[in-house]
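Engineer: So the chains spell out like this:
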Amino acid sequence: MDIKLSEQQKTDQASFREFVGNEVIPNANRYDREARLPDDIIAKMASRGYLGAVLPEEYGGRGMDFLTYGLLNEELGRGCASVRGFMMMQNMVALTLLKWGSQEQKERWLGKIASGETIAAFALTEPEFGSDAMHIETTFEEADDSAFIVKGHKKWITLGQIADLFLVFGKRRGKLSAVLVEKGSPGFTQTPMEGVLGVRASMLAELHFDNCSVPQDNIVGKVGFGFVPVGITALNLGRYSIAWGCVGIGQACLDACVNHVSTRKQFGDLLKNHQLIQAMIADMTVNLKAGRLLCYQAGQMQEEGDQNAIMEIMVAKYFTSKMAFNIANDAVQIHGAIGCSSDHPVQRHLRDAKIMEIIEGTSQIHQIKIADYAYREYAD
Amino acid sequence: MNNSKEKIQTFLSRYIRNQEVKDDTDIFGGGLVNSLFAMQLITFLEKEFSITIENEDLKLDNFRTINAMVKLIGSKV
Ligand SMILES: Cc1cc2nc3c(=O)[nH]c(=O)nc-3n(C[C@H](O)[C@H](O)[C@H](O)COP(=O)(O)OP(=O)(O)OC[C@H]3O[C@@H](n4cnc5c(N)ncnc54)[C@H](O)[C@@H]3O)c2cc1C
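Protein chains in written order, with the working numbering: chain A, 1 to 380; chain B, 1001 to 1077.
Chain A with its partners taken away, still in its complex shape (with noise of 0.2 Å):
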């Protein structure tokens, strides 16, 4: 496999690192003390097409290819989890609607997902059904012609306190399907969640839809088997950006590593020349450089529209999310103390790692589905 990065690539990864340098690391610690982003670095980022980067220019995005979103995320994943946690979330919608939404969907929310003036937010997750996404219980009754009702409970929802527009997935006539639902309507309450482990900014809440009515045209995709790729579409993307984000985790944490045990000595003699370091040092950086081939091999296919790009991005997200809670934890060890303080970045990335071994499908449920991979590639 070729994965040399073409010179634009290379152009955009710098520019990705310049910005994560000067505007995200200095404040990450900072947005995960307070628990929210605050609009200057949304702004930010929009101003640098990354809310719509995998957008046409046409909507104005950035029509990044997968690659080129991919090492976006690593680098915002490097700086703050969170962060990349919103431009994803961006995203993830906008891409979801690019490929299934009405023209007059794309033309009413695109240009604004892309510009920030609309912020998107993903609500598939309920109470009592997390990992068993087919069963959730939101239904979307039809009221008359024109307007559907909208019944049901949604929680853990990434932005879910800041966000103007949700793809709220749940049921009609007992099949699945997924509708936009704008702030504001009428019987929707956005109620914040506070105290989460990790991704500290993700402005989560619990959203509740009592008898909230939404016209017929908000429907994405079409019910039943239309809803699957609409479903599918923005998981896809979300986990691709995840597997590229552990790869920034891991890295940031490697970096600091490195830099810790070449300055801290114990004793008489530099962290970095004690043998049982060392080979924490080395299995991160195995693992780092598994992870991130993974991930390129994954947007590759991707990309080129491979069918099992789906699953490579499975495989991608499964190793990595894991990887980066290894790294994190093995990175807070080595700083001993000093990775336990709230001043320093380790213990967030370790926090923030273990979320995505939850997230967009949980490790278990990506061992099920990579298992039903193998039986089938590899039976004679």
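Simulated from the structure, these hints should not be mistaken for laboratory data.
Be careful, since some hints might not be right.
To be verified - Listed next, the in silico DSSO-like pairs over lysine-lysine satisfying Cα-Cα at most 27 Å (straight line):
1) 1071/B with 175/A
2) 171/A with 1059/B
3) 1076/B with 99/A
4) 1047/B with 99/A
5) 1007/B with 106/A
6) 1022/B with 99/A
7) 1005/B with 106/A
8) 151/A with 1059/B
9) 1076/B with 10/A
10) 1007/B with 369/A
11) 99/A with 1071/B
12) 106/A with 1076/B
13) 1047/B with 369/A
14) 1047/B with 1005/B
Position chain B with the ligand relative to chain A; hints supplied.
Structural biologist: Just chain B with the ligand now, kept in the frame of chain A:
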């Protein structure tokens, strides 16, 4: 057309084993496949036949059988 049928048949044979898929077998009817498969099928059809599947095409009847898929492809090229 026969060529299209063969290509789809080859694709399906990786997912549906121990059962012959005829041109009019309902592949979604008997719980033979899951939702990730549906997405892979759409991706396969788009790439293999250089078509774009759109919102309006997302009806199960367009994907239920090999015959239906061949008809959908035919309507696009
Ligand atoms: C910070 C954060 C942000 C989030 N953002 C969003 C969002 O924006 N939108 C949204 O819709 N959701 C969001 N979620 C919810 C997230 O998608 C769910 O937490 C996730 O899907 C898992 O569901 P659950 O938490 O209900 O766990 P459960 O499904 O209850 O699973 C609990 C445990 O059981 C395991 N398990 C479940 N089924 C099986 C099985 N068949 N075999 C083996 N093990 C199994 C799981 O792997 C897990 O370890 C967010 C969650 C968090 C923490």
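Engineer: Next, verify each hint and record whether it holds.
Structural biologist: To see whether the hints hold, each was checked on the structure:
Straight-line distance between C-alpha atoms of residue 1071/B and residue 175/A comes to about 26 Å, which keeps the hinted pair within the 27 Å bound. Taking the CA atoms of residue 171/A and residue 1059/B, the gap is about 16 Å. The hint holds against a cut of 27 Å. As the CA atoms of residue 1076/B and residue 99/A are separated by approximately 17 Å, the hinted pair is consistent with the 27 Å bound. For a cut-off of 27 Å, the pair hint linking residue 1047/B to residue 99/A stands: about 15 Å separates their Cα positions.
Taking the CA atoms of residue 1007/B and residue 106/A, the gap is near 33 Å; set against the 27 Å cutoff, the hint is violated. Between residue 1022/B and residue 99/A, the direct Cα distance comes to roughly 31 Å. Violation of the 27 Å bound is thereby established for this hinted pair. At most 27 Å may separate the alpha-carbon atoms for a hinted pair to count; residue 1005/B and residue 106/A exceed this at roughly 34 Å. Between residue 151/A and residue 1059/B the CA atoms are separated by roughly 25 Å; this keeps the pair inside 27 Å, and the hint holds.
With a C-alpha separation of about 38 Å, the suggested pair residue 1076/B and residue 10/A falls outside the 27 Å cut-off, and the hint is violated. In summary, the hint linking residue 1007/B to residue 369/A is supported, as the alpha carbons are separated by about 25 Å, within the 27 Å threshold. Of the pairs offered as hints, the one joining residue 99/A and residue 1071/B holds, with about 22 Å between alpha carbons and a cut-off of 27 Å not exceeded. Restraint check: the Cα-Cα separation between residue 106/A and residue 1076/B comes to about 22 Å, which is no more than 27 Å; the hinted pair holds.
Our distance criterion of 27 Å between C-alpha atoms is met by residue 1047/B and residue 369/A, whose separation comes to about 23 Å. Restraint check for residue 1047/B and residue 1005/B: the C-alpha separation of about 15 Å stays at or below 27 Å, so the hint holds.
This entry does not satisfy hints 5, 6, 7 and 9, going by the numbered hints stated previously.
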